[in-house]
Amino acid sequence: MKVLLFNPPFLKKFSRPQRSPAVTKSRTLYFPMWLAYATGVLGENGFDVDLIDAPADNYSIDDVIERTKKFQPSLIVLDTSTPSIYNDVAGQLKEICPSSFITLVVTHVSALSEETLNMRKSDR
Numbered sequence: 016m017k018v019l020l021f022n023p024p025f026l027k028k029f030s031r032p033q034r035s036p037a038v039t040k041s042r043t044l045y046f047p048m049w050l051a052y053a054t055g056v057l058g059e060n061g062f063d064v065d066l067i068d069a070p071a072d073n074y075s076i077d078d079v080i081e082r083t084k085k086f087q088p089s090l091i092v093l094d095t096s097t098p099s100i101y102n103d104v105a106g107q108l109k110e111i112c113p114s115s116f117i118t119l120v121v122t123h124v125s126a127l128s129e130e131t132l133n134m135r136k137s138d139r
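Final position of the sequence shown in the numbering used here is 139; the numbers increase by one with none missing.
Since the hints were made in silico from the structure, they are not lab data. Misleading hints may appear alongside valid ones.
[Said to hold, decoys possible] Cβ-Cβ distance ranges computed for the label pairs, FRET-style: (1) 129 x 61: 15 to 25 Å; (2) 82 x 55: 17 to 27 Å; (3) 129 x 63: 24 to 34 Å.
None of the values given here were measured: they were computed from a predicted structure. Glycine included, C-beta positions come from ideal geometry on N, C-alpha and C.
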């Protein structure tokens, strides 16, 4: 099974993994530790995995779309946060990979699960 774990682009120097997701004043990007950990665990257990850290790689949404088209994952795990959830690319990813199961993760989804599911951009 192909699994894509994804820290999507948003604003320049926007850091989701920090305590309070925001554009960093120091220009420091926190690495997506839990995404990297999950990628390693999945890879060790036989899954074909790809990790995209768009802010660190300076990827645009178009770059991400192109890379996702090539990989064609069965599961997409999309990191999100309250400031960026309405701008995240789940809907665009669903259009190019309609059979992929898309899941949004992190605190916004846990706190506002019904609202998030009603956005209809994700499967869970």
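Hints that the structure is at odds with (numbers, increasing): Failing hint: just 1.
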